[in-house]
Amino acid sequence: MSQRDKKRHTTLLLALAVGMFGFAFALVPLYDVFCEITGLNGKTSGQAELLAEIDRSAAQEDREVRIEFLASVARGMSWEFRPMDKEISVRPGMMNKTTFFVRNRSNKTVIGQAVPSVSPGQAAQYLKKIECFCFEQQELMAGAEMEMGVTFYVDAELPAHINELTLSYTMFLVSDLVGSNEHEHLSSHNVR
Amino acid sequence: MDTHSESKSKTRHPLLAFAARWLLTTNHKEIGTLYLCLSFLLFFIAGSMAMFMRLELFEPGIQFIDPLYYNQILTLHGLIMVFGAVMPAFVGLANWLIPMMIGAPDMALPRMNNFSFWILPFAFALLLSTLFMEGGAPNFGWTFYAPLSTTYGPPSTDFFILGVHMMGISSILGAINIIVTIVNMRAPGMTYMKMPMFVWTWLITAFLLIMVMPVLAGVVTMMLTDRHFGTSFFEAAGGGDPVLFQHIFWFFGHPEVYIMILPGFGIASQIIPTFARKKLFGYHSMVYATLAIAVLSFVVWGHHMFTTGMPVFAELFIMYATMLIAVPTGVKIFNWVATMWRGSMTFETPMLFAIGFVMMFTIGGFSGLMLALVPADFQYHDTYFVVAHFHYVLYPGAIFGTMAAVYYWLPKWCGHMYDERLGKIHFWAATFAVNLTFFPMHFTGLAGMPRRIPDYSLQFADFNMVSSIGAGLLGLTQILFLYIVVTTIRGGRKATAQVWEGAEGLEWTIPSPAPLHTFSTPPVIAEGDYP
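Heads up: the protein sequence lines correspond to chains A and B, in order.
All the letters of the first sequence, read from the start, carry residue numbers -10 to 181 under this note's numbering.
All the letters of the second sequence, read from the start, carry residue numbers 523 to 1053 under this note's numbering.
Quick caveat, the hints were computed from the structure, so don't treat them as lab data.
Any given hint could turn out to be false.
Heads up, simulated DSSO-like pairs for lysine-lysine below, C-alpha to C-alpha not over 27 Å straight-line [what the hints assert, rightly or not]:
{"hint": "1", "chain 1": "A", "residue 1": "Lys(-5)", "chain 2": "B", "residue 2": "Lys946"}
{"hint": "2", "chain 1": "A", "residue 1": "Lys(-4)", "chain 2": "B", "residue 2": "Lys716"}
{"hint": "3", "chain 1": "B", "residue 1": "Lys946", "chain 2": "B", "residue 2": "Lys801"}
{"hint": "4", "chain 1": "B", "residue 1": "Lys716", "chain 2": "B", "residue 2": "Lys946"}
{"hint": "5", "chain 1": "B", "residue 1": "Lys716", "chain 2": "B", "residue 2": "Lys801"}
{"hint": "6", "chain 1": "B", "residue 1": "Lys1016", "chain 2": "B", "residue 2": "Lys946"}
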């Protein structure tokens, strides 16, 4: 029972504990990769699909899938955000377009970022977006409004038992500091 | 160092000297006592919360407790029982017993030992202080699922997070100390395969602690950054996923439930051979079974979340892996039974508690097997059946194990025998009350009564009333236990060094009460000695 052995073992075990703390955080990207492969948690791909890759021949003439759109804003976000179409019916394999309305209700320029989610989660990997406002941040001047488009198709491979799916977006506050000074920023926090 | 502090303390006020002795002690026996006292105190605090809950559940409807307050004491009951009662009790036993069992003069890192204990009172003071805060205490259950604890958690959640961090640091440091002690400080001749089972189970438990407590620290850190620093680990809207919380939590949580039972296995493996007057049957298989349980505990966390929408493949894998755990557990139970088989058994209180442990833990194990079945679990999930299951493994498991240990080693610690008649009354009353409290929960759960509610449908009324009566009785038996322990410490028939006729092991070779310093020169273990 030499003192050196004790020190060595203590250090090793402390390192193991620190390593396991890191492992907890490593689980986050691991889980994301796992979910991307299995499409478990309703996250859609963050990247645009290439138009050329669409297999139009697989389009299913006789099948209709109902898609519902939801829009909400995260805490602290001052925007009005809603879908222009509440729901549409689409044919798997065919291209579709819909728009979302957004208006900045605050008195300063705000940057927002929309984050999509699909329910049921299983369907997420079959919803392919060609173009989406969620691929980049949106900047709106005080009081400004705009319509933002999503171009997408539902993969013909969509399992037969899924006939309805919901695409929801939440608009997050990225920054409301643009064009406002520190004092305004502080007071806006106080109001909140 | 000790003579130095003693000479200095003579000039101090006696109260100051008393405080300094316990605040600054680095002696494994004194720290073990501190751990046991703290866990006993917290056991009573969390137990009284259970009494309030059972009072509210005595009849349907809301009578005594505001539902929001019910959620708060329900959360604190779980957290304090897990982190404040069961875990520190086992650490206290480890502190007292491991050095005496392996023939070491003290723990390997005595100052760290002091530090890891003294974090705990502050951690629990912090946790309990949330009850008096604006917005109330944490109210999301001991599993603190996101988003209940992130988006919707009360402001006091941040105090809870800090408290969990402190408990985690304490557990990790304690576990490191135990491993370093066992690896480096065994007496000459005590090979790994000669170590008493209690030491073995604690060695494995300590590794589990080091592997999973940092993961718990990680998950509460993510909660903290989600709450205050704009991250979205568990916020679906921000690209995170609340189900991820459950994965990380149960990666900690499942090994955690074995942390709360493996030392109990060790205690039963010490006590049963003593009173059966036979050697432990299948020592080697006991060691390997414990290892197997520990390894399997890392791949079965998903059985807490079958209903979250896992792929069927994952559900099947986890179901089979979970049921596989029944094999090493069965090995242990059959070994205990085989140890008793044709032994010259006597039924002193520690033996009664140990046998009660084996029998009632098995009931909890079987309801665990039922819960492991995916199709059945969809029915049982979040019902009182789950409550019945984990209380059967924790009360007659972890807590009866601890009580068996206290009755068994208390004469060694304080030099007095406890009152055998009162001990037996305590055992039979507690056994009756445990079953009266928790057995009806199986039925209400199977009939669909959800857990974590202050009110319920009328058809569950009778069984709940029975549970509440049992719970009241169970609470009273613990006051009897407190009385027995206090009177034994204060006086009683003198205990011999061996205490029990059939007791074997190094701790029984030193006088009772155990002197403050033991095995300053290591004992020598001969070739033919135990196990």
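Hints, one by one, checked against the model:
1. A:Lys(-5) - B:Lys946: It is violated: about 43 Å lies between the C-alpha atoms, which goes past 27 Å.
2. A:Lys(-4) - B:Lys716: holds (25 Å)
3. B:Lys946 - B:Lys801: holds (25 Å)
4. B:Lys716 - B:Lys946: Violated, at roughly 32 Å.
5. B:Lys716 - B:Lys801: At roughly 12 Å apart (the allowed maximum being 27 Å), Lys801 of chain B and Lys716 of chain B satisfy the hint.
6. B:Lys1016 - B:Lys946: holds (19 Å)
The structure fails hints 1, 4 (numbered hints given earlier, in ascending order).
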